Structure formats: C-alpha cells, structure tokens
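Residue-level listing of the chains:
Protein chains: 2
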Amino acid sequence: MARPVEFWFEFASTYSYLAAERIEQLAAGVPVLWRPFLLGPIFHSQGWNDSPFNIYPVKGNYMWRDMERLAAEYGLQLKRPTAFPRNGLLAARVALAHAEQDWIGAFVRGVYRANFAEDREISDPQVVSSVLQDLKLDPGSILAVANSETNKSALKTQTQRAIKLGLFGAPSFTIGGELFWGNDRLEQALQFARAA
Amino acid sequence: MARPVEFWFEFASTYSYLAAERIEQLAAGVPVLWRPFLLGPIFHSQGWNDSPFNIYPVKGNYMWRDMERLAAEYGLQLKRPTAFPRNGLLAARVALAHAEQDWIGAFVRGVYRANFAEDREISDPQVVSSVLQDLKLDPGSILAVANSETNKSALKTQTQRAIKLGLFGAPSFTIGGELFWGNDRLEQALQFARAA
Numbered sequence: 033m034a035r036p037v038e039f040w041f042e043f044a045s046t047y048s049y050l051a052a053e054r055i056e057q058l059a060a061g062v063p064v065l066w067r068p069f070l071l072g073p074i075f076h077s078q079g080w081n082d083s084p085f086n087i088y089p090v091k092g093n094y095m096w097r098d099m100e101r102l103a104a105e106y107g108l109q110l111k112r113p114t115a116f117p118r119n120g121l122l123a124a125r126v127a128l129a130h131a132e133q134d135w136i137g138a139f140v141r142g143v144y145r146a147n148f149a150e151d152r153e154i155s156d157p158q159v160v161s162s163v164l165q166d167l168k169l170d171p172g173s174i175l176a177v178a179n180s181e182t183n184k185s186a187l188k189t190q191t192q193r194a195i196k197l198g199l200f201g202a203p204s205f206t207i208g209g210e211l212f213w214g215n216d217r218l219e220q221a222l223q224f225a226r227a228a
Numbered sequence: 033m034a035r036p037v038e039f040w041f042e043f044a045s046t047y048s049y050l051a052a053e054r055i056e057q058l059a060a061g062v063p064v065l066w067r068p069f070l071l072g073p074i075f076h077s078q079g080w081n082d083s084p085f086n087i088y089p090v091k092g093n094y095m096w097r098d099m100e101r102l103a104a105e106y107g108l109q110l111k112r113p114t115a116f117p118r119n120g121l122l123a124a125r126v127a128l129a130h131a132e133q134d135w136i137g138a139f140v141r142g143v144y145r146a147n148f149a150e151d152r153e154i155s156d157p158q159v160v161s162s163v164l165q166d167l168k169l170d171p172g173s174i175l176a177v178a179n180s181e182t183n184k185s186a187l188k189t190q191t192q193r194a195i196k197l198g199l200f201g202a203p204s205f206t207i208g209g210e211l212f213w214g215n216d217r218l219e220q221a222l223q224f225a226r227a228a
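Residue numbers (the working numbering), protein chains in the order written: chain A, 33 to 228; chain B, 33 to 228.
None of these hints come from the bench; they were simulated from the model. Quantities reported herein were computed from a predicted structural model and do not represent experimental measurements. Heads up, a few of these hints could be off.
Said to hold, decoys possible - Calculated lysine-lysine pairs in the DSBU-like style (CA-CA distance at most 35 Å, straight line):
id	chain 1	residue 1	chain 2	residue 2
1	A	LYS111	B	LYS184
2	B	LYS188	A	LYS91
3	B	LYS91	A	LYS196
4	B	LYS91	A	LYS184
5	A	LYS91	B	LYS91
6	B	LYS188	A	LYS196
7	B	LYS168	A	LYS91
8	B	LYS168	A	LYS188
9	A	LYS91	B	LYS111
10	A	LYS188	B	LYS184
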C-alpha cells in the first residue's frame, strides 16, 4: 500500500496552482494530505521581502512564459494577475482548519482559479466566501473557525514544520522525510510514495 | 523539419550535467548547437558571488538529494564533488572554440563526468587535457586555440548573447527567442523545436 504524500502549497505560488489542479487525478490510490503553509516567513529568513520572481525580473518574465506553456499543456486557464504575489493568509487559514473535509481539494482549486485564472483579490474575505458559496458551503461558520486564535497559531506551527522538513519553496511534496520540490516533481513524488 | 535547439550549459552546473548526458539521444533529428557560457557574470549582476546552492544551503542540500535521485533514474554516475562550484572557464573556452567538431558532445560529457562523477578539478589544464586524450585528440593544439585572445573574447560575447536571450541559469535551451530553463524542460524544448 502506498504511503500518504503531504502536499505543501502556498496560495500566492503560481506553480502550486498547477500541482493543486493535477494532484488528485494523478494520485490515484496515494492518500493526499493537504498542507497549506506560508512562504513569507521562509523567504524573509533568506533576506527576501517579496517574491523572488519580482526581485529577479528576468526569472519572473521566464516564469510567466513557462506557466503559459504548462497551463496550455495541462488544459488549465491562466490569466496573469494584475497583482502578484497576492496575500493568501486567509485562504490558508481556511484550508488548514478544514484540511480533512471532502471539499478541501475543490476549495483549494477554487482559490487558485480566483487568483490565477480570474484575477480576483484572494486576500478579500468576500472572494474567499464566494469560493465557499460556489461549493454550497456556509462561509460564516467556516471563516469563524479559520480566524480563531487556535487556528491562527496552528498555521504558524505548520509553517515551522515545513521549515524543519527542509522546505524552501512551493509546491513541495513530502513522504516521511523525503522532500520533492516543484510541480515538475509531482509524478516522481507519487512514484516514491507508491514504492515506499 | 525541426528547428535547431541551442543548448546553453555551464560546466559548474550540476543540472547541466544531466542535460548534457541526455540531449543527444533525446534530440533524434533535432540539430543540437552546443553553447557553453559562464554563469558567473550573470549571478554577479544579481548580487551573488557564489552558487545560489551555497548561498542558500537549504536549497543546496535539496539539490544534491534531487541530483542523486535523478542520476539513479537516468543511470548516471554521481559523486558529490569535494569542491563546488568548480571553475569551468578553460573547459568552456575549449568547448566554444570546438563547438562544431564531431567530438564536442563526448568532450562536454567527459568534463562533466570528471567534475560530478570522478571528483576531479576541471579548472586544472591537466584534467581538461586528459579528457581530450581519452578521445584520442591532441590537447596541445586544442588548448592553444582555446586560449587565444580571439576565443577568450568570443566567450564573453557568447555570455552577453545569453543575457540578451533572457538566460538566468543553466542548463537552458533556446529555439529562436523561445527559452526553456532546466534539465526538466529538455523534452519540452525538443518538442517545441519539432513543432516549430
């Protein structure tokens, strides 16, 4: 039996969008554990106060072209957002508090599409609420749990765990202590989980 | 008919080793143009005086583990070198001056193996010479051309061209103005060259 794969994602991360769209179909039998975390504190500890794609614009230009090609290959919508990176804190709190619900995948993909296909401001509670409403869920109670002090603190703990596992970017995949970084490594990570 | 793919590589770059080992077999019909260049000036312009894998050790640790997994998958030898990054200037000058020789692929792979499979000091002219000797070539005349002022200056021009094409890392592949970065993108670049 395959070991579970922990899927580490950050809502501001473009390549996490691609992995979030692909993981459930590809996993087929490998249990997926959804692990939202924040890249901000990790980047900050490396001396970056912005996305490396903004700090190094040559790399940023390439990333958007690469995303365009990959989205076309995967049949995904992509619209370069007018603001980048967007703050995914609220969405990450929702995802963390409800990571074991059967709607978690659909919620995560909904937030990514809002950001990277519809150019909507995902830091706005109205936008997060509308993603939940599209899934016939009640935003009021869900956001209340997400915004509780316990859950806020749990997201900090989760990000600390990511650092301990050696994460430095998103998406990442871990199977026990084995780390795979990048949408490119999704297939390899799943293969590892199956063989493990 | 497929358009040629320009293969941009740096002898200090670990992932360039993987691409150099794979490109000729995978290209099958796509002409490969060998384009040695130097990452040093490009990294320097981003404020880095060392490999980013040394500046960001968490990323560096991951890179070596990732290389280990990929080398195993491709059936390539890998031995983490005792010095990293090694200065590939001389080898790059040889490769540039002789990029159109039929032995260019074998020479490039020989230097990469010296560095990343045999832990030899590729900045040492003796090591570069021994790679040439293994190919039954005459190091004396080859190094003389490589070290000519014309060729030294041509390597600077080539690196300037890499910058104009938007390169920021190695390996990279260009088909006209279309840029692909990373060993991961080799297959996609060749597909683009075939479709173009």
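Against the structure, the hints come out as follows:
At roughly 44 Å between alpha-carbon atoms, A:LYS111 and B:LYS184 are farther apart than 35 Å, so this suggested pair is violated. Simply put, B:LYS188 and A:LYS91 have alpha-carbon atoms about 21 Å apart, close enough for the 35 Å limit, and the pair holds. Under the criterion of a C-alpha separation no larger than 35 Å, the hint pairing B:LYS91 with A:LYS196 is consistent with the structure, at around 13 Å. Distance hint between B:LYS91 and A:LYS184 is fulfilled; the C-alpha atoms sit about 27 Å from each other, no more than 35 Å.
A hinted pair counts as satisfied when its Cα atoms are at most 35 Å apart, and A:LYS91 with B:LYS91 qualifies at roughly 17 Å. As the CA atoms of B:LYS188 and A:LYS196 are separated by approximately 42 Å, the hinted pair breaks the 35 Å bound. Note on B:LYS168 and A:LYS91: the hinted pairing is violated, with a Cα-Cα distance of about 41 Å set against a maximum of 35 Å. The suggested pairing of B:LYS168 with A:LYS188 is violated, with an alpha-carbon distance near 61 Å, which exceeds 35 Å.
The hinted pair formed by A:LYS91 and B:LYS111 meets the criterion: a straight-line CA distance of about 29 Å does not exceed 35 Å. In summary, the hint linking A:LYS188 to B:LYS184 is not supported, as the alpha carbons are separated by about 52 Å, beyond the 35 Å threshold.
Comparing the model with each earlier hint shows violations of hints 1, 6, 7, 8 and 10; every other hint is respected.
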